[in-house]
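With the sequences and hints as input, model every part of the structure.
Protein chains in written order, with this note's numbering: chain G, 1 to 408; chain A, 409 to 879; chain V, 880 to 1174.
There could be a bad hint or two in this list.
Said to hold, decoys possible - Which stretches of chain G does chain A cover? Using the computed rule of at least three CB atoms under 8 angstroms from a CB of chain A, they are: (1) 146-158; (2) 243-254; (3) 357-371.
Claimed, not checked - In silico contact screen, one side only, chain G against chain V (beta carbon under 10 angstroms); selected entries: (4) V134; (5) N215; (6) L286.
Don't read these hints as lab results, they were simulated from the structure.
Built from N, CA and C at the ideal position, the CB exists for glycine as well.
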Amino acid sequence: MEEIAYIVHPAVVTLAGALLGALYFAFLRWQTQVGSQRVSLIVGAIAGAIGATMLTAPLGYCMFQGDQTSEDVMVGWIMVGLGLLLTLNIGSVVLWRYFRGQRLLPRGDTTPGAFRGRFGLVYALAVLSPTILVLVYFVYLPMFDTLRFSTFLARFGAPRTRFICVSNFSRMLGDLDYHSNLFLSFALSFGIIIIAMSLALLIASMLNQPIRGANVYRTLLIWPYAISPIVAGSIFGLLLGTESGIVNRVLDLTLGVKVPWLVTVPAAQISVVLASVWNVIGFNILFYTAGLQTIPKDLLESASIDGASAWQQFARITFPLLSPFTFFLIVTNTIYAFFDTFGLIFVLTRGGPTESTFTAMYRVYVTGILASDIGKSTAQSLILFLIVVGITIFQFRVGQRRVQYGNY
Amino acid sequence: MLRRLVLFLILMTLATGAFSTALAQDVIELEAWVAFSDHRYDWAVDTADRFNALHDDINVTMVSVVDYDTIVNNYTLGREDGTYPEIVQLFDAALQFAVDSDWFSYAETIIDGRDEVLGHPVNFDDIIPVISNYYTVDGIWASVAWNTSTPIMYYNVELLEQAGIMELPLTWADILDACVALQPLVDDGTISACATWPFSGWFIEQWLAQQNEYMVNNENGRAGRATEFNLDTDAYRAIAQFYRDLYSNGYFIFEGQDQWGPPTQTFISGKTAIMMSSSAAARAISEGAAATGFTLETTPMAYNQDAPSGWVGNILGGATMWISNGLDQAVEDAAMAFLLFFSNTENSASWHTASGYVPVRNSSIELLKNLEPGNEILWDIPSGGRVDIEAADWYAAFPNFLTASTQLGDSTVNNATRGSTYGTFQQSRPYYNGLVEEYMLNGGDLDAMIAETNAELTELLQEYNFLFADE
Amino acid sequence: MTESASSRFVFDPSAGKERPLWRRLIPQRWYAHLILIVSVVIITFPMFYALLISTQSNPEVYNHKFTPGSMFFENLHTVMVQRNMGRFMLNSFVIAMSIAVGKTVMSVLAGLGLVYFRYPGKWLVFGFVLITLIMPGDVLLIALYRRVVSFDAWPHPYVALTLPLLASATGVFIFRQHFMTMPPDLSEAAQLDGASPLQFLFRVLIPLSWNTIGALMVIMFLFGWNQFLWPLILLRDQNLQVVQWGMQSLTQNLEVGDNFGPMMMGVIITSLPPMIVFLILQRQFMKGFALTRDK
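Structure (structure tokens):
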């Protein structure tokens, strides 16, 4: 057998993981003072070893081999880190449940009113199966089919592919353009979410007042939501052209100025944010109006009797009670802003000027769908996916603490 | 009794079924995918119907697939599961892909020396050389030209005259001079700027060809498979500098990469005096200019007067019709016959009138110069049918439609003007166009930018070659 | 809830007092009207501008005419007849309705399974469903296409088109949260009566969930209505194509330049069916529905 030269030997990786796991579990043991010292050390080492190898071993530790660049090795360490994050977290939860004498898997939450009976699982699986089957076959399997390409040099329609280890990822590590694409995705998404949600909340609160014509206002305000992002891009293109756009035409006639909306920085970025806000705000208004209806009026009434101002009522009662809706909207708006705006950007700015509106998902679209460069594109989308998973977990964590659950 | 009736009915159904299948087998069904969905699609359907009327045993169906990229993607997918058409329209940038995929029968191979196919004459010599040469692969004529265009200049004559410019600009220097002369009109608010046009990578390709320069090595990929990008040239630098000069002096309105609508709109509304666009827009721009009320004149695409080679020629743009391989001889012939009909003298002339795409045949140009009543050539967009051209000489009546044909007809045929062919064409366009954009807007170290982009594009190209080239 | 009923509870400091003249002249809650009118003007401006352009010819658009143009019927004809938009709208309506109904049914069932049973690893199942929300669907289309065409006995292309889209993470999320706000006594009582979970679903849960169902139907209908890339690569028969395909063919301007009138006519016309669905369901929607999370 041919001897493979490693920059970092797999055994070192495994041992490092095991060591880290053992240390972490020892720390947890010391912190909680629950369970056996020896068992936690052993389980920690095993979890660490699994974590360090679970993502790198399936690729044959290729990223640690002699012919790889230092970026490849770094990607390897990141994969080790991600694996550790996963196994150490799950491992510690499970182990300490065991130490505390709890069941290994949470017994489902103790929803009051759940059906009793021995066939709960069977019944639940039966009603869940349509959703699960469709997801497995039409979402998860295509996802795995696609992700396979992230370690390949692959082009759509090509007679062959080539395994290139983690090059698609390490390429991104050093690619300043890609970093700015990612940063831009964050910045634009942040802008879109903040503006679209706060405006929607303001508008929905006004709609919730007992005023005449609320139906008409509401219908008109939701209208743009019936437009797909690509078509929204076409409309805004007509509005915002420097010479051809109606907005500049009006500004020119009234104020004598023309704003180069789509071809200068930061005007182009602002334009993309505003067009996206316009496109998504109807959705937010819809949910906030529905949410406002659920706030018990007697709460507000008693607050007003206690002398709370309108603002205090909003800040202390309305907004906290709306938090499940806010939370839901933050998650869905994040997904819209990260994933669904590429069509709008394609039509409106082509990512320009000088790539100033080139978001990460737009890059995925350009590389994968327009240029058929599947390997790079799937690697990019995997990164994007991990980032949004991270954001969502973060939002859930924060949400867990902040969201108020009205028992009404 | 009832049983017999049922039996009888079943037999009848089977018999008619068999009979109609037998009938259907006699008709050769051809599907053609095209990227258009507007009046150009209507024209294609109408022409296919005319062909079907000539042949009882052939039925051509036109399917619109929205855009060029989708056609390539869908055809590739269709190849996997057998849902691909007999005829497909592929754009210029997909030429290398079409060659590498091994999915198509070349026209010249199908024709195999015959001088007619199913009664439709073959006459290659009639096709304008720079057009037939674009689609010649390894010396074999591969696909049948359909929509062919080339960039030309459009001028608002009244505005130029107002600025005292009596001769239409022909070179980059002429344009810059004209812009200096037009500046008073900008200052007094008559117009917004001297010039605008779509900021498209296609123009960069054209200007390289004009200066006798290659985009990629191995003579644009025509002498052998291209392996490296060739951006580090004076010709490319000159293009970037020309844009920089135009923009930094405020002569040029930039509306974003590949935005075709806004510049056209600006020019037609009389806000700029100079515009450059595809000849395919000739009809739309002529109609717009007439509605706004100014005189439109066109010239060939402006060229770099300082290029050592002088003006060499332009490349065509557009798309051609390819025939899928692996078809039965009869089906292949039917497809070939249809494409010969589709691009014959009358149809090519009619197609030209529908938009401004150049007629691919010299005989079509002759025909349009010597028209007789009852010619039924002009495509009437609102009614979606052909009507007579009333003038005896189309080009005398609409001289702006001749410019593109002249430009292509005068072009020297060499490997610069045949255009580049390489696998990452579509992927590379935003790079070399974006570089010029960045230099135009922000300036900077052009040499360093070129070196970086050239290396990136070469790497992409080599990746493509690794996956597609024969080992 | 009717307007008058809700207004009874709203805090109004001036109630019962003699109001000064200026208060009586200016409509009550003028600030709400002001904010709403400003919002409506800004937000609907692009739509009304599109409406204006839909009546114009290209030169009228080029020259920024602010008055309705001469081409309304021509543009309407171009869109509906020449470009076959009527057919596409019908197709899309069928597809969007199937998706909306299918997604809602499956989400209700999944919500039932996630709330009203006890079994270990429930959060795993929920996470399994929820995480699909973040998977960039457009990237998966080619792989999905291969999966779908590998089965060649689809009764109709629309079945192949809609089935992969029927699972909805959003729907499951919303129904799960909604069911969790239901008082537990409901299912306790149902169990005492010996009702099966499905009977409970149909007799109790669904009648109490019309608001949520209505809300979800609006969103899911729009999701189906806006499908573009997936039908584009899957459907080979042009007559089966969808409304966004029609829209794209109106906006595509390869080399020739836009046709603004028909394009904007398309925008307006294709935005109407989702609005009609919304108007039909808005009474359900506006009764509000609750979302909650694990306690």
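- Restraint check, 10 angstroms cut-off on beta carbons, for L286 (chain G) near chain V: Holds - the Cβ of L286 (chain G) comes within 10 angstroms of chain V, reaching about 7 angstroms at its closest.
- Message: Taking beta carbons only, do three or more residues of the region 243-254 of chain G come closer than 8 angstroms to chain A?
- Response: Held - the region 243-254 of chain G has 3 residues with a Cβ nearer than 8 angstroms to chain A, which meets the minimum of three.
- Task: With a cut-off of 10 angstroms on the beta carbons, see whether N215 (chain G) makes it to chain V.
- Result: Hint on N215 (chain G): holds, closest Cβ of chain V at ~8 angstroms, below 10 angstroms.
- Does the interface hint hold: is V134 (chain G) within less than 10 angstroms of chain V, judged Cβ to Cβ? Holds, because the Cβ-Cβ distance from V134 (chain G) to chain V comes to roughly 4 angstroms (cut-off 10 angstroms).
- Establish whether the coverage given for the region 357-371 of chain G by chain A is satisfied; the threshold is a Cβ-Cβ distance below 8 angstroms, and no fewer than three residues must meet it. As far as the region 357-371 of chain G goes, the hint holds, because 5 residues have Cβ atoms under 8 angstroms from chain A.
- Message: Is the listed coverage of the region 146-158 of chain G by chain A valid when you require three or more residues with a beta carbon under 8 angstroms from a beta carbon of that chain?
- Response: holds (count 6)
When each numbered hint is compared with the structure, no violation occurs for any of them.
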